[in-house]
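**Q** Quick note: the sequence shown, position 10, residue 64 per my numbering, numbers continuous.
Hints may be right or wrong, so weigh each one.
Here are the in silico distance ranges between beta carbons for each label pair [as the list claims (entries may be wrong)]:
hint: 1; residue 1: I159; residue 2: D205; range: 16 to 24 Å
hint: 2; residue 1: T193; residue 2: F238; range: 49 to 57 Å
hint: 3; residue 1: S149; residue 2: E300; range: 49 to 57 Å
hint: 4; residue 1: T148; residue 2: D127; range: 32 to 40 Å
hint: 5; residue 1: D156; residue 2: I179; range: 23 to 31 Å
hint: 6; residue 1: S149; residue 2: D255; range: 38 to 46 Å
Hints were generated in silico from the structure; no laboratory data involved. Cβ coordinates follow ideal geometry from the N, Cα and C atoms, glycine included.
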Amino acid sequence: MKVRNTLFSLLTLLLFLPFQSCDVVKQVAKDYGIDTSTGLTESEVIQGLKSALEVGTNSGVKTVSKVDGYLKDAAIKILLPAEINSAITQLKSTSAGRKVYDNVIKDIEQDMIVSLNRAAEKAAIKAKPIFINAIKGMTIQDGFNILRGADDAATLYLKNKTFNQLVSAFKPDIKSVLSQPIVFNKSSEAIYSQFVKSYNDVEKADVINALKLSPIKESDLSTFVTQRALDGVFHKIAVEEKQIRENPAARINAILKKVFGS
Numbered sequence: 055m056k057v058r059n060t061l062f063s064l065l066t067l068l069l070f071l072p073f074q075s076c077d078v079v080k081q082v083a084k085d086y087g088i089d090t091s092t093g094l095t096e097s098e099v100i101q102g103l104k105s106a107l108e109v110g111t112n113s114g115v116k117t118v119s120k121v122d123g124y125l126k127d128a129a130i131k132i133l134l135p136a137e138i139n140s141a142i143t144q145l146k147s148t149s150a151g152r153k154v155y156d157n158v159i160k161d162i163e164q165d166m167i168v169s170l171n172r173a174a175e176k177a178a179i180k181a182k183p184i185f186i187n188a189i190k191g192m193t194i195q196d197g198f199n200i201l202r203g204a205d206d207a208a209t210l211y212l213k214n215k216t217f218n219q220l221v222s223a224f225k226p227d228i229k230s231v232l233s234q235p236i237v238f239n240k241s242s243e244a245i246y247s248q249f250v251k252s253y254n255d256v257e258k259a260d261v262i263n264a265l266k267l268s269p270i271k272e273s274d275l276s277t278f279v280t281q282r283a284l285d286g287v288f289h290k291i292a293v294e295e296k297q298i299r300e301n302p303a304a305r306i307n308a309i310l311k312k313v314f315g316s
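Between the sequences and the hints, there should be enough to build the whole structure, so can you do that?
**A** In structure tokens:
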């Protein structure tokens, strides 16, 4: 029906606007020339918006916080810092270095990558209550800013409102996992710190300069993983936001299907 098609366009843009009263719904509908007296009820509109919000954030967090949520997803998998990868690539460029890599470093590298991703997966669940609080604090003006924004406007809003809180919530769990022994009774954090120190000490002998490599500046592994973990969370929420806006199959419950259906 025409009213449903028009309402769909509005609701998908107002994905994260938590209306607090029927009067607000009526006013917004009036502003967009929508007659809410037919088709959907005001309570269905409100419930649909809340469901959309819940689906977008819960699904994104659930996806990344499960086992292999990061590790088996190429889009968000956390690898070692780029400077480390450059050093490893340089090491493998010679036959002797390749032998050292295959016999000593290769398994450690893989164990560390698993550790980084497990740390992110453990911490990610902490995002859910923080997102809920941010959503509750949304104003009508916030909603209209999202309305006029890009397809990921709601995701960017959440990122701006929650990033610092998420860093504080994620980092302790990530540091805890990275401090656990993985090989030779040493943790990822200890192995990384030792490697960075040894690598940067070599620079003092001008060896790194001769190889045209730079010293490793990413000295805090838990900070690095926290940043990448948050990148992954927001990537998934942006995907969910886009899906709910555009794809009927992404509306996983009855009220979402009714409110957002064409």
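**Q** Take the hints in turn and mark each one as holding or not.
**A** So, going through the hints one by one against the coordinates:
1. Checking the proposed 16 to 24 Å range against I159 and D205 shows it is violated: the Cβ atoms sit about 42 Å from each other.
2. At roughly 54 Å, the beta carbons of T193 and F238 sit within the given window of 49 to 57 Å.
3. Taking the beta carbon of each, S149 and E300 are about 52 Å apart, inside 49 to 57 Å as hinted.
4. With their beta carbons about 34 Å apart, T148 and D127 fall inside the hinted range of 32 to 40 Å.
5. The hinted window of 23 to 31 Å between D156 and I179 is violated, with their beta carbons roughly 37 Å apart.
6. Taking the beta carbon of each, S149 and D255 are about 25 Å apart, not inside 38 to 46 Å as hinted.
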